[in-house]
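Undergrad: Protein chains in written order, with our numbering: chain A, 86 to 515; chain B, 606 to 1456.
Since the hints were derived computationally from the structure, they do not count as laboratory data.
Because the structure is a prediction, the values reported are computed rather than measured.
Wrong hints could be hidden among the right ones.
[Stated by the list, open to error] Which bits of chain B does chain A cover? Going by a derived footprint, with three or more residues having C-beta under 8 angstroms, they are:
1) 801 to 809
2) 1057 to 1065
3) 1072 to 1085
4) 1256 to 1269
From the three backbone atoms N, C-alpha and C, an ideal C-beta is built for every residue, glycine too.
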Amino acid sequence: MTPAAPHFTAGPISRRAFLRGTGVALALPFLDAMWPQRAGAAQQAAPKRLVAICTSLGIYGPALFPKEAGRDYGSTQYLDMLKDHRSDFTIFSGLSHPEQAGADGHSSEMTWLTAARHPGLGGFRNSISLDQFVAEKIGVETRFPSLTLGTGGTSQSYTRSGVMIPAETRPSQVFAKLFVEGSAWEVEQQMRKLREGRSIMDAVNDEAKRFSARVGAADRDKLDEYFTSVREMEQRLAKAEDWMKKPKPKIDAHPPEDIKNEADLIGRMQLLFEMVPLAVQTDSTRLITILVQGRGDVPPIAGVSMDHHNLSHHGQDPEKIRQLELIETAQMGALDKLFAALKQKTEGGTPLLDNTMVLFGSNLGNANSHDWHNLPILLAGGGFRHGQHLAYDAKDNTPLCNLFVQMLQKMNVEADSFGTNSAASIAGLA
Amino acid sequence: MSVWSLTSEAGFFPLRDTPQSCAAPSIAPRTCCAYLYRPMRHSLFAALLLAAATAHGAAARSQFLESYCADCHDAETKKGGLDLDALAWKLDQPANFDEWAKVYRRVERGEMPPKKKTQPKPEEAKAFTASLGGDLRTFDSTREAERGRTVLRRLNRVEYEHTVQDLLGIKTPLASILPADTPAHGFDTVAEGLRLSMLQMEKYLEAADVALDAAINLGPQPEEKKVHWVAKEDKDVRKNLDTPEGELSNPKDPKSGHHVLLLELPDAVVFFDRGYPSAQIHGTDSHPAGLFRIRISAYGYQSNGQPIPMRVYRDNYREKQLIGWFDMPPDQPRLIEVTAQLSAGEHLRIEPSNTGIDDKGQNVYNIGPKNLKAPGLALQWVEMEGPIVPEWPPHSLHAAFGDTPLNKLDPQKNHDKRLAYEFTPDDPKAAARKALESFAARAFRRPLELGEVDRFVQLTTDELDAGVKFVEAMRVGLRAILTAPQFLLFEEHPGKLDDYALASRLSYFLWSTLPDEELLGLAANHTLSQPAILRAQTERLLKDPRSGTFVRDFTGQWLDLRNIDATSPDKKLYPEADELLINSMVQETESFFAEILKANLPVTDFVQSDFAMLNSRLALHYGVPGVDGETIRKVSLPEDSVRGGVLAQASVLKVTANGTTTSPVRRGAWVMKKLLGDPPPPPPAGVAAIEPDTRGATTVREQLAKHRNAGTCAGCHSHIDPPGFAMECFDVIGGYRERYRSQEKGELITLKNSGDHRLYVHLGLPVQTDGELSDGRAFAGIQDFKKLLLSNPDQIIEALTGHLVTYSTGAGIGFADRFTVEEIAAKTEKQGGGLRTLIHQIVQSPLFLNK
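For reference, chain A alone in the conformation it holds in the complex (with noise of 0.2 angstroms):
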């Protein structure tokens, strides 16, 4: 396909405009001068995006973790595959989540964004996830309040009422939905679809009243989940046909075809990750998780023939680590592109990432055991001073909330406490 002209109703510079200039059209590069304005922006500030992502099977430490803290650390066989990018990110040691131990080893997949105690057991309710708690106060100023990636079908975005968002896997629905126009027929039947569950909303809406006093008093408290969403999903319902009125932003980008097999991890994570540059320049969304979830079958890498699950038990066997190792270099290096993207394109002069906070790390501290103390967390971006290994206690682990609280504030969030805090900020971080 070939790359349609960028086309902006208003804006620095409009493409037509420079395009009837020279007579000619041109699929010109896309030019840093030309970013689209935002909701409401006429010479602001970038805005602040939050892109988390999980590997849930661990990384394996002894490859990743520095000996030594502070910014004179020696590299590691991981973080060399980073090694472009050394003064652009920090790596942590020493954080977690208390009290993690949940229904199973790998429980706690669904709380590493969310922070909510004992995944899985008895009475288990998870709480809201990072990047739906700051949707709720932006989400508003983009098309997408927030996107939601994964390799598998599980997400690591969870509502307010501790609900999953299911993750979207194929890179082709995403770019679909950020940038494909729908034709004419299209839209209109989208636009219908639209109004008529506005009406259909403020139709249930009015049933639930009737219902509401039918029953119980312990069962209004419950019903007002009900009402609650169905209130927000008519308010998402009018946003989303305001959003429909206007044109999609356009993009020098060829539409990506999906990964079809399934085992093929690394493939599927470097498309996603391919994804995250092009929303955010675009402004199509500023939150973003993806998870990379592991597998138990074999991923398609040369030299790797156990099953990736398999290989993360290694039980201490080297040729299980070798293997490990493999796959697990192979997704540093799509980190490394993602980085590389991200500070590749600017917008007003300054690099994407430096106004993108990237998050990666694990759920898992060492999936081996299933302990979830000592996480791999590796925070990119968003214009803090990296460039350095921070080191908390082993034994006695600083809360990995108390780095979400400053990465709240950082997107201009005003909160002090978010999930296990037990500080605003993580010491050392600036």
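Got chain A; can you put chain B on it based on the hints?
TA: Chain B in isolation, oriented as in the chain A frame:
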């Protein structure tokens, strides 16, 4: 002086003086919602007496606590986080109630005070627990009577799917459109876990759309086509057979020489390879969604007298789903017939198992099909007929539009070939009202109130007024009904459920769908709750094939069968683990439950039974001779068999392990939770998990030795570990073992437990299966252990009762409920302890009949 009543109709709180000071707020422990305790061995009446006798219970209790508990559990020491000085008496705060319930439980079970501390006299302890238990129970019953046990709950995804399918007469899958439900107390029917959010609303609107798309089919009748595929005539098969061996497909690439991989026989084509080129049945893909009759004729070739399992899939190129597998007999063609629901465009795919490798380890690529002396599948032909359409126009149109007149379009006048019928109401608005009324009454599972449907009708008439066509206008009203609270939520009022609510509860319990006309008719007569009628209806529902969903959904959650694919068995350690085995093991356990239900066998059979439900694959796996064919059937087990009961079933053994190693702690906790109704508390925060070392040097038993020795750990692990130790004789796929399999070290043996005789593993260290229960009784292995479990049958029945009550009523077992559960179990035991009896007792109990 306090007065209270233990009748549930009472609406007042017991008044009492608080035994401790309330200055400090009570400690809020982590909520532990599993209230399943080991039974208190006295009846309701005795409890009443005891409680009445301790009218000054509060003071006596604080005396008890002071004498035996305060040393460790005061403000300074706070052992285990419990500070009795600060623990107030504020039962209306759930955390406070839980804390007192914990105190009760620990003392009642004799766990506290710990053995090394001063022990209370038996009558002192009894008086304490009776008093405390009585107060807790009164409070709980009163609260339940006011609010009901179950808070407002919605249909879960499975129930939604069945309900909409039944309402509209369609078979379209819908559950996967909706977000996953969160189980609470182990089941996805429990209100606490069934939240509502905007995400849910969005998906309900989407799912309703998909359902209506399937239901509103005004097209011409889909042609029932018959595809007859003959292996010898298939073009890809012929290409492989007829292309000369070695002919280069790419002249530049010397490695692109053709391999003939199939063998042509007079009446069939033999497929050797397990994978490519497995038979993709061309011509079976161009069809709409629907029901299809599939027939296949094939036989095993060169298989040394053994049958060749043949797997049949439906495949849409993105994923394939197993329709079934069949043992194809050696040398003699077998005709199999199966009916299956296919989505549009799915084709059939056939793959054989246990084929393609000869005794020397050579395959068809090495020496060619003519010389290969390896088993293969001789495939003759495949037939596919369908879609099988019982009636046209489809019943779904009547289900959605009621009696609105439907007319066949004149093919001459109609230009849109996709349409063959249209609705032609004289008065569209009146027709819409009528149709929506009847649909809503069925969807809401009760008669409508006056004007209840007006709002929905208005949506449709507004559309009609705006010029929208009748069908499109109706869709809006129907879609709204499928998103309305009356549809999505169960309406239950505190106290005794009205007959309509009871009809719903019964039908969702045993069929996971809305009540049928017979149930609703009895509700209309107000006779459903009469014991004899209720019993007859329960029987009817159990006998109906629709009760299969109860078997599947209950066992899937009670025994964790839904997690069967959470891990993959390590291919090196467990090469015999194939799809047939995994598929069969789930069927085994579901059939086992179904058999116990059908024959009303004792609930204790879940612990130990003299039979198993097996097919050929399972029988091979378990070493049980004489079972042929893929159909699961009842097989008697010899007296000394290790099998029998769920603890010896491969599915249970798989979901309690990962792909490489077993964990006695995991299995022990499973037994406590699922079979004993006594879930262990989670590990303390500071404990590091064990680092498994599978290099063969240390067994997990050796690594867990710490639990037996350390004092604080032993408290819980003396309960948790023993079942797991007994079950160590079973590996991660449920095979019996006396030695652990190892990656590299140890003796090399050939496996004989599957149809593939070329598989081998290393055997390493011996397995230890002995142990002792927390009360000191010892066991040598799994057989002894099961006998010990059976020495307390009450506990087994009460545990299952608790699970069934939770599943069927959407609420966990509260403190007061515990006593009713004991009564139900006792009544069931008096009548032989059968599962069917238990279900009847549950349906007739106040736990089921009240909110």
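Undergrad: Identify every previously stated hint that the structure contradicts and give their numbers, smallest first.
TA: none
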